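Peer 1: Those protein sequences? They're chains A and B, same order as listed. When we follow the working numbering, the leftmost residue of the first sequence carries the number 15, and every step to the right adds one. When we follow the working numbering, the leftmost residue of the second sequence carries the number 15, and every step to the right adds one.
Misleading hints may appear alongside valid ones.
Because identical chains share one entry, a pair is satisfied inside a single copy or across any pair of copies.
To be verified - Listed below are the simulated DSSO-like cross-link pairs for lysine-lysine, each with C-alpha atoms no more than 27 Å apart in a straight line:
1) K233 to K211
2) K252 to K211
3) K125 to K22
4) K222 to K211
5) K22 to K36
Since the hints were made in silico from the structure, they are not lab data. All values derive from a computational prediction rather than experimental measurement.
2 protein chains.
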Amino acid sequence: MEVIKTIKEMKEFSSQARRAGKTIAFVPTMGFFHDGHLSLMREGRRRCDLLIISLFVNPTQFGPNEDFKNYPRDFERDRKMAEEVGADVLFAPEASDMYPSNHQTIVRVEKVTQNLCGRSRPVHFQGVATVVLMLFEIVTPHAAIFGEKDYQQLVTIQQMVRDLHMRVEVVGMPTVREEDGLAMSSRNRYLLLEERKAALSLYRSLQKAKELLQKGERKAERILHEMKEIFQSEPLVKIDYVQICDAYSLQDVNQIEGDVVVALAAYLGKTRLIDNLIFHAL
Amino acid sequence: MEVIKTIKEMKEFSSQARRAGKTIAFVPTMGFFHDGHLSLMREGRRRCDLLIISLFVNPTQFGPNEDFKNYPRDFERDRKMAEEVGADVLFAPEASDMYPSNHQTIVRVEKVTQNLCGRSRPVHFQGVATVVLMLFEIVTPHAAIFGEKDYQQLVTIQQMVRDLHMRVEVVGMPTVREEDGLAMSSRNRYLLLEERKAALSLYRSLQKAKELLQKGERKAERILHEMKEIFQSEPLVKIDYVQICDAYSLQDVNQIEGDVVVALAAYLGKTRLIDNLIFHAL
Numbered sequence: 015m016e017v018i019k020t021i022k023e024m025k026e027f028s029s030q031a032r033r034a035g036k037t038i039a040f041v042p043t044m045g046f047f048h049d050g051h052l053s054l055m056r057e058g059r060r061r062c063d064l065l066i067i068s069l070f071v072n073p074t075q076f077g078p079n080e081d082f083k084n085y086p087r088d089f090e091r092d093r094k095m096a097e098e099v100g101a102d103v104l105f106a107p108e109a110s111d112m113y114p115s116n117h118q119t120i121v122r123v124e125k126v127t128q129n130l131c132g133r134s135r136p137v138h139f140q141g142v143a144t145v146v147l148m149l150f151e152i153v154t155p156h157a158a159i160f161g162e163k164d165y166q167q168l169v170t171i172q173q174m175v176r177d178l179h180m181r182v183e184v185v186g187m188p189t190v191r192e193e194d195g196l197a198m199s200s201r202n203r204y205l206l207l208e209e210r211k212a213a214l215s216l217y218r219s220l221q222k223a224k225e226l227l228q229k230g231e232r233k234a235e236r237i238l239h240e241m242k243e244i245f246q247s248e249p250l251v252k253i254d255y256v257q258i259c260d261a262y263s264l265q266d267v268n269q270i271e272g273d274v275v276v277a278l279a280a281y282l283g284k285t286r287l288i289d290n291l292i293f294h295a296l
Numbered sequence: 015m016e017v018i019k020t021i022k023e024m025k026e027f028s029s030q031a032r033r034a035g036k037t038i039a040f041v042p043t044m045g046f047f048h049d050g051h052l053s054l055m056r057e058g059r060r061r062c063d064l065l066i067i068s069l070f071v072n073p074t075q076f077g078p079n080e081d082f083k084n085y086p087r088d089f090e091r092d093r094k095m096a097e098e099v100g101a102d103v104l105f106a107p108e109a110s111d112m113y114p115s116n117h118q119t120i121v122r123v124e125k126v127t128q129n130l131c132g133r134s135r136p137v138h139f140q141g142v143a144t145v146v147l148m149l150f151e152i153v154t155p156h157a158a159i160f161g162e163k164d165y166q167q168l169v170t171i172q173q174m175v176r177d178l179h180m181r182v183e184v185v186g187m188p189t190v191r192e193e194d195g196l197a198m199s200s201r202n203r204y205l206l207l208e209e210r211k212a213a214l215s216l217y218r219s220l221q222k223a224k225e226l227l228q229k230g231e232r233k234a235e236r237i238l239h240e241m242k243e244i245f246q247s248e249p250l251v252k253i254d255y256v257q258i259c260d261a262y263s264l265q266d267v268n269q270i271e272g273d274v275v276v277a278l279a280a281y282l283g284k285t286r287l288i289d290n291l292i293f294h295a296l
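Next up, chain A with everything else stripped away, as it sits in the complex (with noise of 0.2 Å):
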């Protein structure tokens, strides 16, 4: 595996490879893998001749007061998994490369971006966008896989490859969870011992508004309601919003008809969480 630290190399190593003829799977990264990080790899190492992983913790999608600073890094561990999942290049760019002063370029994905995560993260998703589409021309990948835990991202960039007419074509793969169900996250190792078993509610309300959707429940009200009872019991978590919306247009439904997306985020203590549960009620 090489590992590329400049844009201009990664820009000529996938220069070559498309050259060549070769087909290149993307998976964009902040790296501190988890098995999360390695299924998206794994799919990629499956579907292409190269596998390309960028690991680049990005300050432009961290608000003022979030954890940029002190988002958990480990590159030399980072290498070795990356390494033994048989990724060919691990892209490890400085943010002086990626920003260079006078950086004034902004991607905007408007409505998919307002609602859940984007209320309490107003700069979050421009950031994401732009930066994915700075790696997309970069890497020029053939496919990008990223995980449904972050539900909003994906659809956010489905969104903007679709309305840029890129070429990419974006993979979204299931979250991947501990065995007691919490979803994987870089984050989780910011949580203490009783924050750590507070959290597991967040996984058994999603589990409870699984079970009544299955069970045909369609009011969006009373499932949120079965839902918010079970955070009630947990004095550790803080809800910042669960909501039922539209899988695709991320607006919230009452009525349940279509695909949906049970999204919920929650701070513990410092750490904010974020998990989800996709419905296809057709």
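Dock chain B against chain A, hints included.
Peer 2: Below, chain B without anything else, positioned relative to chain A:
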């Protein structure tokens, strides 16, 4: 020359050309070609194996009270001119294909679009940046040719390409003028006879600026003063702006030191014309 009307076919053409190792020059236009367009096309023809011209009157770069509906159109004439200049493809997509319902992604270049035309046309440059990025994704050019007459547009596209790490080379070509000096523009055809005469004062004022600069004048204020005196003798000319700006940041300068652009916009009746002069002070 092939006329292509769908994005799908255009993508297939450019993919195939790229796979065959051909280089692509691209001239994006809104049609109603004049000698200015032809000079861009000839430069594209000279630079690459293939020349692709797009013809698309992009609705999103017009403000609500601007001339989108009345913008001059003559497809048959444009088709012939593109053919004569030796284009390989004239790409003329439908707005409904470029912007399907639910389109919601916008590319904004922030600082260089604030001054000059950005003041009176607040949505113009995000419309331009977005459509040009879309066209670049569809056409995948090696080089894209723009006119210096739309100088702020050229700087905006150059900034966008640099910021997003795109691979296309953006080439600017000198303004082509009528025999008497009026900058060629598709909008010149709107001018009534008296307006056409008065419009020449735009060129005369830029010639005056050039003369002063060549004599060594470095105070922007003094140059602008003399330019304004020229317009004051033309009651049909309503100045929108006359400014001297740094040629790259497009911020106003007082003391002229490096490369500058002397830029102006004016109304003649309902017709808004722009022109500029690029001057290298060092």
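Peer 1: Hint by hint, note whether the structure agrees.
Peer 2: Hint by hint, here is what the structure shows:
1. K233 to K211: Result: close neither inside a copy nor across copies, 30 Å intra and 69 Å inter.
2. K252 to K211: within (14 Å within a copy, 70 Å between copies)
3. K125 to K22: between (34 Å within a copy, 25 Å between copies)
4. K222 to K211: within (18 Å within a copy, 76 Å between copies)
5. K22 to K36: For K22 and K36, the Cα distance is within 27 Å both inside one copy (19 Å) and across copies (22 Å).
Hint 1 from the earlier list is the only one contradicted by this structure; the remaining hints agree with it.
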